[in-house]
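A.B. asks: Here is how the chains run, residue by residue.
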Amino acid sequence: MANAAKESQEPQSHYQGGFHLLQKELMNDYFDQMTRAAEGDGPPAVYLLISGNPVELIRAFDLLPVFPEINALQIAAKHQSLPFIQKAEEVGYSTDNCAYVKADVGLWYQDGQAPMAKVPKPDLLLTNYVGCNVYLHWWEHLAELSHAPIFDIDIPFIRTSDGEPRAEDITYVVRQLEELIPVFEKVSGKKFDPDKLTEVMEYSKETGELWAQIKRMTVNRPSPFDAYFDAVTMMGPLYTLRGTKEGRDFFRDVLKMVEEIKSQGKGPLPEEKFRLVVEGPPPWPYLRIFRDMFARWGAVFVASTYSTVGGLWEFGFSHDPSDPLRSVAMHMLKWNLTNRNFLQRYQQLKSYVDEWGADGLVIHSVKSCRLFSAGQGDMREYFARQVGVPTLLVESDLEDPRYFSKAQMRTRIDAFMESLEHHKLVGLHT
Amino acid sequence: MRYMAGVDVGSTQTKAVLVDEEGNIVSSTLVDTGSNVVRAAERAFSEAIVLAHLNRDDIEYIIGTGYGRFNVTFGNDQITEISCHAKGITHVNPKVRTVIDIGGQDAKAIHVDETGDVKDFVMNDKCAAGTGRFLGNSAEVLNLELDEIGPRSLEATNPVRLSTVCTVFVESDIMSHLALGRSVENILGGVHRAVAARVVALARRVGIEEVVALTGGVARNVGMVHALEEHLGVKIFVAPNAHFIGALGAALFARERSLALK
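Chains A and F, in that order, give the protein sequences.
Counting with full-length UniProt numbering, you get residues 1 to 430 for the letters of the first sequence.
Counting with full-length UniProt numbering, you get residues 1 to 262 for the letters of the second sequence.
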């Protein structure tokens with residue numbers, strides 16, 4: 001009777017705010033550049049990984065940064081990942097293998113023709129994050145297919161208790177970056193220009209600082225944007241355009257828009273009833289459905305760890321134009337989520353819960369990435385029992401639609417929100 | 001007297017419970033869910049009304065729960081089965097702190113407080129390992145009725161060790177044990193142990209606090225109760241109407257909401 005109508009009347013969040021449109025425009029330009037490069041009209045392409053990405057060095061040589069992870073998630077968000085994944089399975093990848101890898105390998109076999117762009121073949125394959133050894137083999141496979149040279153930057157994992165990289169680790173990474181410069185010179189056919197790098201670093205510094213300010217805005221009540229679903233849309237420009245004027249201008253504009261929304265006392269939902277923190281990447285193939293499962297409860301994500309895989313600017317990092325290589329090395333070593341140890345990850349989540357004033361924590365575990373998901377069971381227990389924050393662990397996938405079950409997901413989220421609602425009601429009366 | 005209803009549409013069976021305004025159960029019914037989920041919800045509900053000698057208009061508030069809760073098209077609200085099981089079980093036995101619910105396609109563990117509120121819960125992932133379906137498939141492979149497998153599992157003298165908890169692969173696993181000449185009882189002992197191990201691992205994630213209750217359709221299986229008790233090392237409380245606890249919880253929520261409206 002009333003139920004069908006009821007479901008359609010449930011609040012939905014604003015997906016097409018100003019910054020979403022702006023982001024779309026910028027990313028479309030970037031995808032057009034990729035397509036032109038694929039057609040032979042563009043700079044050489046350097047493939048690199050998101051985690052602590054050193055895009056500044058690529059921009060300093062006017063090379064085109066290509067992030068296969070972004071391509072994979074774009075395909076998934078456009079609901080087209082499955083045929084690419086199946087293609088990779090046809091050539092021998094297991095169903096349990098990382099679905100980002102499979103979508104990208106499948107894309108290779110479709111001649112790089114993705115829904116949003118034609119992806120250029122690599123002129124250089126840069127492994128800038130070695131914390132995931134599946135990623136190393138991904139790049140190896142791409143090297144075999146494309147015959148492009150591969151350059152490994154070995155980034156030591158942070159294993160000190162205070163989270164500080166050791167002096168020799170920093171030197172080790174800086175030396176490798178120095179070795180990378182002649183490689184970039186060869187690929188680009190350009191001589192290294194320190195002034196150009198300084199200019200790129202200036203833009204990066206400003207971009208990171210703007211991004212940190214934007215991220216901090218979500219401590220407000222209501223939060224002016226969703227630090228998961230909205231923040232992930234800003235990650236595209238943060239990685240692809242960092243170190244450029246366009247990138248800097250985008251974040252200036254976003255900050256203005258967010259400040260405007262804040263001054264009007266608005267947020268992504270008509271009413272912010274719950275503030276949540278989230279760990280893990282989103283289920284890209286079901287992004288909107290997943291978002292609505294929280295939106296219908298008036299739940300807004302005020303902080304997310306996923307938006308910090310590329311860098312942790314909001315906790316004080318900023319690129320240093322006066323010491324570019326050291327600062328890029330610090331970004332890769334210390335200032336990104338995935339190179340940190342688990343206790344640091346706990347600490348980051350805890351500060352989100354405390355400082356951002358969260359009602360609960362949601363962990364989205366990724367079925368095809370055991371590396372990122374390992375330890376999340378303990379994490380759930382630590383937060384639920386020791387910190388005392390209601391914590392929900394759900395599982396699907398970031399790329400493979402076959403792992404998402406709508407009814408099961410909805411039941412878990414509804415049950416979690418029912419209990420949060422009840423606790424809130426009880427809390428109000430005590 | 002005013003009446004309220006809870007309709008629990010599960011993956012395998014649909015249950016309806018009617019309560020009066022004092023929270024007493026006046027009728028409970030059970031039908032197979034089948035392919036027409038809306039129809040199953042309606043049938044369970046109308047049968048409950050008939051059984052209680054009531055009319056449709058006597059029912060003031062209806063809440064749907066279970067996977068098919070949005071198919072209870074005549075209902076006022078929907079609440080998840082997690083909240084409903086917690087509510088229902090503490091009504092029957094207020095001392096329960098841990099609920100293990102094994103249904104047709106999922107297994108869950110719920111930590112409840114003394115008021116019946118959910119403190120924490122965990123559920124199986126998108127996989128029917130360790131659920132009623134696993135037991136159902138095992139019965140089918142052995143050509144036994146579902147009701148038979150529990151009692152016969154208790155006669156196991158040397159339960160087999162299954163190499164899988166996968167609901168699909170259990171078939172070939174059972175076949176291989178039969179080929180090795182293992183008795184049906186020992187195979188069933190192994191089947192029940194495998195489910196218990198999987199479910200207990202789930203339950204330990206919310207923490208085992210006594211009293212532990214088993215709810216859902218699988219609670220009728222004595223072999224399962226025994227296997228869980230053995231694995232947990234604690235006595236398990238099984239309500240006489242364990243199968244209806246979700247629907248009862250929904251009816252009790254309906255009662256609260258209906259009374260709050262007056």
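Just so you know, the hints here were simulated from the structure itself, not pulled from any lab data.
Treat the hints loosely; a few may be bogus.
[As the list claims (entries may be wrong)] Lysine-lysine pairs mimicking DSBU-like chemistry, simulated, CA-CA at most 30 Å apart:
1. A:LYS245 with A:LYS205
2. A:LYS350 with F:LYS95
3. F:LYS119 with A:LYS273
4. A:LYS424 with A:LYS266
5. A:LYS273 with A:LYS205
6. A:LYS245 with A:LYS256
7. A:LYS406 with F:LYS95
8. A:LYS266 with A:LYS186
9. A:LYS266 with A:LYS190
10. A:LYS350 with A:LYS424
11. A:LYS266 with A:LYS24
12. A:LYS424 with A:LYS24
13. A:LYS424 with F:LYS95
14. F:LYS119 with A:LYS190
15. A:LYS87 with A:LYS121
16. F:LYS235 with A:LYS424
17. A:LYS121 with A:LYS186
18. F:LYS119 with F:LYS95
19. F:LYS235 with A:LYS273
A.B. asks: Indicate, hint by hint, whether the structure satisfies it.
C.D. replies: Hints, verified against the model:
no., hint, in the structure
1, A:LYS245 with A:LYS205, "holds (12 Å)"
2, A:LYS350 with F:LYS95, "violated (33 Å)"
3, F:LYS119 with A:LYS273, "holds (20 Å)"
4, A:LYS424 with A:LYS266, "holds (22 Å)"
5, A:LYS273 with A:LYS205, "violated (35 Å)"
6, A:LYS245 with A:LYS256, "holds (17 Å)"
7, A:LYS406 with F:LYS95, "violated (34 Å)"
8, A:LYS266 with A:LYS186, "violated (51 Å)"
9, A:LYS266 with A:LYS190, "violated (49 Å)"
10, A:LYS350 with A:LYS424, "holds (20 Å)"
11, A:LYS266 with A:LYS24, "holds (22 Å)"
12, A:LYS424 with A:LYS24, "violated (38 Å)"
13, A:LYS424 with F:LYS95, "holds (24 Å)"
14, F:LYS119 with A:LYS190, "violated (62 Å)"
15, A:LYS87 with A:LYS121, "holds (18 Å)"
16, F:LYS235 with A:LYS424, "violated (34 Å)"
17, A:LYS121 with A:LYS186, "holds (17 Å)"
18, F:LYS119 with F:LYS95, "holds (15 Å)"
19, F:LYS235 with A:LYS273, "violated (41 Å)"
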